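Colleague: Chains as they are written, first to last, in the working numbering: chain A, 56 to 176; chain B, 56 to 176; chain C, 7 to 392; chain D, 7 to 392.
Hints listed in this document are in silico derivations from the structure and should not be mistaken for laboratory results.
Being a predicted model, the structure only gives us computed values, none of them experimental.
Heads up, the beta-carbon is just placed ideally off N, CA and C, and yes, glycines get one too.
Incorrect hints may appear among the rest.
[Stated by the list, open to error] Per label pair, the in silico range of CB-to-CB distance:
id: 1; chain 1: C; residue 1: G56; chain 2: A; residue 2: V152; range: 42 to 50 Å
id: 2; chain 1: C; residue 1: S69; chain 2: D; residue 2: E309; range: 43 to 51 Å
id: 3; chain 1: D; residue 1: E71; chain 2: C; residue 2: D298; range: 43 to 51 Å
[Stated by the list, open to error] So the derived list for chain B, only partly shown, Cβ under 10 Å to chain D, looks like this:
id: 4; residue: A58
id: 5; residue: Y61
id: 6; residue: G102
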Amino acid sequence: MSADPYSARVRDLFAAPAHAGDAAGGEAVYVADQDVRLRLTATAADGTIEVLRFRAWGCPHVIAATEAACAALEGRPVTDLENYTAADVMQNLPVPVEKTGRILVIEDAVRSLGQRFRDRT
Amino acid sequence: MSADPYSARVRDLFAAPAHAGDAAGGEAVYVADQDVRLRLTATAADGTIEVLRFRAWGCPHVIAATEAACAALEGRPVTDLENYTAADVMQNLPVPVEKTGRILVIEDAVRSLGQRFRDRT
Amino acid sequence: MSEDIIYLDYAASTPVDPRVYERMCEVSQSAYANPSSTHAAGRLTHEVIGRAAEQLGGLLNVSPETLIWTSGATESDNLAIAGGARYRAHRGKHIVTMRTEHKAVTDVFEMLAQEGFDVTWVDADSRGLLAPDVFAAALRDDTQFVSIMFVNNETGVIQDIEALGAICRERDILFHVDGAQAVGKVPIDLASLPVDLLSLTGHKFYGPKGIGALYIADRPGCHVAPILFGGGQQRRIRPGTLPTDLIAGLGMAAEIAAGGIDDDLAHLSELRDVLWNGIREIDGISLNGDPDGFPGILNVSVEDIEGESLLFALEPICAATGSACNSKVQEPSYVLRALGRTDMQAQSAIRFSVGRPTTIEEVEFAAGRYREAVARLRQLAPDEVA
Amino acid sequence: MSEDIIYLDYAASTPVDPRVYERMCEVSQSAYANPSSTHAAGRLTHEVIGRAAEQLGGLLNVSPETLIWTSGATESDNLAIAGGARYRAHRGKHIVTMRTEHKAVTDVFEMLAQEGFDVTWVDADSRGLLAPDVFAAALRDDTQFVSIMFVNNETGVIQDIEALGAICRERDILFHVDGAQAVGKVPIDLASLPVDLLSLTGHKFYGPKGIGALYIADRPGCHVAPILFGGGQQRRIRPGTLPTDLIAGLGMAAEIAAGGIDDDLAHLSELRDVLWNGIREIDGISLNGDPDGFPGILNVSVEDIEGESLLFALEPICAATGSACNSKVQEPSYVLRALGRTDMQAQSAIRFSVGRPTTIEEVEFAAGRYREAVARLRQLAPDEVA
Ligand SMILES: Cc1ncc(COP(=O)(O)O)c(C=O)c1O
Ligand SMILES: Cc1ncc(COP(=O)(O)O)c(C=O)c1O
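Let the sequences and hints guide you as you build the complete structure.
Modeller: Pasting the structure below:
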């Protein structure tokens, strides 16, 4: 049987992902794993993330969670990227346990984006 | 599942068995077999059955069929008693096949009543 | 039902309560999607079922997750017994029940016996009660499964489920209770009763026909192997599209029952007393069962009367013979014979069962009709020896 | 159902026809007695059931006595397959079916395999059809039981039941057909079709949920061993109190269907055409199944789209993913994989199923929403390699 698997927040984020797209000229990472394909691009200035955008292929929770991650990280220090955890996502967004693996893919992508920025500096 | 096991005729005969009782001073037979106990008494004159009565302990079909037999035989030659068959009963009265054994008890009783009359002459 | 029928067969089936009915109507118009579907329509249906599980859970004082929906008590009994005994078979194959159980129990035990299980049939006393010490004496080291019914469907006798269950718990034996005649009618608190599996069916307490449930306690080792296979519904324990409206109806029947068991019992007791007092003076009459049993059932035998003719002469009263209603030639009830009744006593048994809608006038009428019928049939019968 | 839902999941379940509903109301108020009882109330109930059996018999062109009432197609499938294969086991233990069958069939075969039966899974072609010669080649001297569905629940593909059945008859093999998606929707004349056992369920053709039937042909050697045990109801093949109102509802649904199959089919074909024409131009779209299949079902895959997000983006449309609806993480449909679809194609599959109440406006809306959803999700996705 199926309870509603989508919370109101997942619905909102999925319906209007303000951070979908590309951050022109920014750093980019791409990961594909666990029924998820994710591309993140970001620009930063003075150690702060200015624009963070995503493109995603995946289930509604993945799209919503990626949007939530982008929204949360924009304006934060780039060092936050490397410390980003799946727990951060799931705290504010109910994701079914069986999708935890997919959320870890988002964590991976965000962290490798952080790595990129570090490598650049 | 159960269709109505009782036809209208069975209902009528069971509700008002005109031949229930005893033919005072007549010949009597008693049989007990197959969940049936039956007593028939009859008087005859000039080889004709005058009064034929029954007492029965048994299911509704037995009571109805015995009543039907008595009604049919009154006024008939006593020799008809010995030739009475269960088929005669069942022709005019639908009796579930699984009760055929009980109807044969009625046949037995009627026939032994006929025997009594013959033995007497 | 037609006006000129007096229905005194509530233990066979009950009419649906109007409130149950209303709930089912509502649901069948609005929540017709398959509850397994993830779309909005399916989710609505899913919610309806969740509410029903809470209502039924409320009646029994258990969590909704412990309930598996089935097509009725027959299926629940089959699932509990075949599924439970097989699930525990690796630990031992000795299983225990009584001859006075419903066919939906005894026939499954017979089948399991064929499958290689070792069945012990424990005896009731003459009222139909199972004494805890008699029960305990029947248990062995390899006993893994026991099934004892709550309220007997023929006599209304109520077993001491608490004492019997406690003995099972002590020895970690899976304890199934057929609650078909008890749920919604007598108080049952599964949070405190030591019962592992409980069968129930909607149509015995003013709910719909064709829906039942099996309670499966949430404790270690308490599981059943499925007996039907298919979609993954209901945690793979029982497949098939869930009948949302029936489930909603069963839930509502449970909620209604929960609020009225005491009143119902008082009403039924009064009815039974009037009925019994109206016939107890008849020569050769005897009560089958326990005067302290469930008051909705009054089962009486009377000397030297043929049961089928008695039932027929009782028309327009609809009651049941003590015998299994499914055989064409009426056989004396195996339950009553197990209580030590003679064939003659057992075959004359009539089970009157009263319900919420039954009135005093109806049972008074029934008592009168019973007296007349007995008198008339006795008059019609030949003396024992002609 | 709420106004803002567009229900296109009629293959999962249908709403009850108002006439069915009315009949059930009537019956549940008047015929609530147990049909096994011999008293007047029981006889009334018995008559209601007899009438329903005639209505269903009429739809299938068989005698009412060949029908056994069950709780739905899942139970019918279990009874037919487990019961039929076991009944014939002494003659041979080879049994045959397909991977594209419903879980209520495949899971029973898996269970029988564990029980010692030898199962052959025959392959469909890429449209899902079983070629008679492929089928014949899979049969052996010890083949005793075959199960092939009529209309596939995911794709709507219709098997050549007549040809397959003829092959079985020739060899005296018991032939079961899961007709859950076919009965009441496509013409079925069992007087001429060589089918031994046919499963059906009410809620797929505007009848009630929780009730189904199994047709058992009246011919030598065609029997099933029971899988549930209990009272002697239904010739000991299936015990339990019969749910009179559900049975009456199923009968009425059958009668309504019998009078309208051609009109229904014409309506469904028009709907499917409008829907398919509205989306067929989409890049990478493909039809799963046979264009000549049952027109109530349109199953489409589309390249490079995630299925769950697609279904979600389709809201307020209620359709089904191709995958089993019961698993929590959506798995690509095993049926579509059996037809040679890649995992990627299979996981994006959406099954639209239309019904009697569906309107042209609804399918036009659905087509538009599908186009938008695909476009939006494609725009959101990264290029294959970033
Ligand atoms: C004690 C008991 N168990 C089981 C059943 C079976 O219930 P159902 O016919 O609803 O499956 C009944 C009633 O018939 C019953 O009285
Ligand atoms: C082909 C097929 N067989 C069997 C079933 C099972 O039917 P039910 O869920 O009514 O038992 C279904 C529907 O779920 C089906 O589509």
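Colleague: Hints the structure violates: just list their numbers, smallest first.
Modeller: Numbers 1 and 6, in rising order.
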